[in-house]
Amino acid sequence: MSTSRQGHGGGYGPRRASVNTSAAASSAAASGTARHTSSASAPPPAFPTHNSPRTWLLTSALSPLAVRLIRQLLSHGDYVVACLPPHEIDHEQRSAEFRELVTECKSARKDREGWKDRIRGIRCDGNMSSCLSAVAEAVTVFGRIDILLCCRTEAIVGTVEELSTNHHTQSLVRQQFETMFFSQVNFIKAALPVLRRQHTGHIMALTSTCGHIGTPGLSMFSAATWGLEGYCDSLAYEVAPFNIKVTIVQPNLEIQTLTNRLVFAPQIAAYVDANTAAPSVRDMLTHVLNSDPETALPEPSDGDASPSTPGSMSLEPELGRGEIISRYPKLPTHAFDTLVSETVHALTAIGGHENPPSRHIVGAEAAMAVKEKLKTVAEEMEEFVDSSLGVDIFESELKEEAKRVKQTREMSSEVKPEPGSST
Numbered sequence: 001m002s003t004s005r006q007g008h009g010g011g012y013g014p015r016r017a018s019v020n021t022s023a024a025a026s027s028a029a030a031s032g033t034a035r036h037t038s039s040a041s042a043p044p045p046a047f048p049t050h051n052s053p054r055t056w057l058l059t060s061a062l063s064p065l066a067v068r069l070i071r072q073l074l075s076h077g078d079y080v081v082a083c084l085p086p087h088e089i090d091h092e093q094r095s096a097e098f099r100e101l102v103t104e105c106k107s108a109r110k111d112r113e114g115w116k117d118r119i120r121g122i123r124c125d126g127n128m129s130s131c132l133s134a135v136a137e138a139v140t141v142f143g144r145i146d147i148l149l150c151c152r153t154e155a156i157v158g159t160v161e162e163l164s165t166n167h168h169t170q171s172l173v174r175q176q177f178e179t180m181f182f183s184q185v186n187f188i189k190a191a192l193p194v195l196r197r198q199h200t201g202h203i204m205a206l207t208s209t210c211g212h213i214g215t216p217g218l219s220m221f222s223a224a225t226w227g228l229e230g231y232c233d234s235l236a237y238e239v240a241p242f243n244i245k246v247t248i249v250q251p252n253l254e255i256q257t258l259t260n261r262l263v264f265a266p267q268i269a270a271y272v273d274a275n276t277a278a279p280s281v282r283d284m285l286t287h288v289l290n291s292d293p294e295t296a297l298p299e300p301s302d303g304d305a306s307p308s309t310p311g312s313m314s315l316e317p318e319l320g321r322g323e324i325i326s327r328y329p330k331l332p333t334h335a336f337d338t339l340v341s342e343t344v345h346a347l348t349a350i351g352g353h354e355n356p357p358s359r360h361i362v363g364a365e366a367a368m369a370v371k372e373k374l375k376t377v378a379e380e381m382e383e384f385v386d387s388s389l390g391v392d393i394f395e396s397e398l399k400e401e402a403k404r405v406k407q408t409r410e411m412s413s414e415v416k417p418e419p420g421s422s423t
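Numbering-wise, the UniProt record's numbering puts 53 at position 53 of the sequence shown, and it's gapless, one number per residue.
Check before you lean on any hint, since a few could be wrong.
[As the list claims (entries may be wrong)] Label-pair restraints from in silico Cβ distances:
| id | residue 1 | residue 2 | range |
| --- | --- | --- | --- |
| 1 | Lys189 | Ser75 | 30 to 36 Å |
| 2 | Met368 | Pro86 | 38 to 44 Å |
| 3 | Gln72 | Asp283 | 32 to 38 Å |
| 4 | Val160 | Thr103 | 41 to 47 Å |
| 5 | Pro193 | Glu379 | 26 to 32 Å |
| 6 | Ala349 | Asp283 | 30 to 36 Å |
| 7 | Ser107 | Pro193 | 33 to 39 Å |
[What the hints assert, rightly or not] Once the Cα atoms are required to be at most 35 Å apart in a straight line, the calculated DSBU-like pairs of lysine-lysine come out as:
| id | residue 1 | residue 2 |
| --- | --- | --- |
| 8 | Lys106 | Lys189 |
| 9 | Lys403 | Lys110 |
| 10 | Lys399 | Lys330 |
| 11 | Lys330 | Lys116 |
Everything labelled a hint here was simulated from the structure, so no lab data went into it.
Glycine residues also receive a C-beta, built at the ideal position from the N, C-alpha and C atoms.
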């Protein structure tokens, strides 16, 4: 693989944060899924050409996206190591689709023949020891790991201030990074020695467009996404000599938020105002959850986001007092099928590719949102390019010195006497 396609980062400034607000809020339309519940058929799977079945290790196999991906992989003849976070496999709603898949694998259906022998479920909470054990078991059972898919996600919903009101909300910040960053880093570190000895392998990080565009109300989700992507960008350069590829796959925001756990911090009154950007994503996700009685959020009580009293010296009345609430979105099966179809197609097409992209944005809407952000960055850079170049003092001095030396030499050559002339 050419290393020129690897390790290209995406760190952008905070201006025009509202770019993603409308995209995030409108992408799911009125019901949060309108764009995805159309009758359009899912694209057929497309796998890279290869000589033998590949072994995939999924860091979390219980999401609707992961279950549908596993079906495609088993149908194609690949092997799957499915890591199962304990708190999720023990959750009846969360693990229901995966348990149905296990039943399918054990069935006598002709089109499921051999499936049970090509999948291995491993309870793994993402700490370093459990990741090492999972990788070791994968190699013992299937002999190798070809593709490591880092796909464990949850979204902590709340503004920066809402996540700093007390030690309970502050702990959500750590929880966000433990889930999306540290656990995935542990899997990567555990797998690297195996991939390096094989002198081949593909690490894929399934993130979201939040890796390009900061989203109001999802500050910690965005931060953890950027952290993992920055880690992978640097990693790509380090492992390229060992023929290990690294790819970041960025689907639209709702692909990750509507297929994984959502955790809501209590709101602060000041951020409830419709004129602020912060509530947009929260309102969209709440609307989706409230569409099903089993996942509907409770109505906030009068004290949950009460405004501060005039003249009060205490900040406490202004702080959100509601409970921290977590939910797994529940959509109809056909809605999940359509919601994740583009991303599943992208993962099967790129996973194990001989020369994969360093970043792949899934879907036209996501691509347009990222292009708009990159356009904004380019425009701002041009606007302040003089300020940027103005700080290159040392380089400017060198150029001036070189110019003076050149002028001196030219002047010396002009006054140099002709050969044979008298002095």
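Hints, verified against the model:
no., hint, verdict
1, Lys189 - Ser75: 30 to 36 Å, "holds, 31 Å"
2, Met368 - Pro86: 38 to 44 Å, "holds, 39 Å"
3, Gln72 - Asp283: 32 to 38 Å, "holds, 34 Å"
4, Val160 - Thr103: 41 to 47 Å, "holds, 44 Å"
5, Pro193 - Glu379: 26 to 32 Å, "violated, 45 Å"
6, Ala349 - Asp283: 30 to 36 Å, "holds, 34 Å"
7, Ser107 - Pro193: 33 to 39 Å, "holds, 37 Å"
8, Lys106 - Lys189, "holds, 33 Å"
9, Lys403 - Lys110, "violated, 79 Å"
10, Lys399 - Lys330, "violated, 63 Å"
11, Lys330 - Lys116, "holds, 27 Å"
The structure shown violates the earlier hints numbered 5, 9 and 10.
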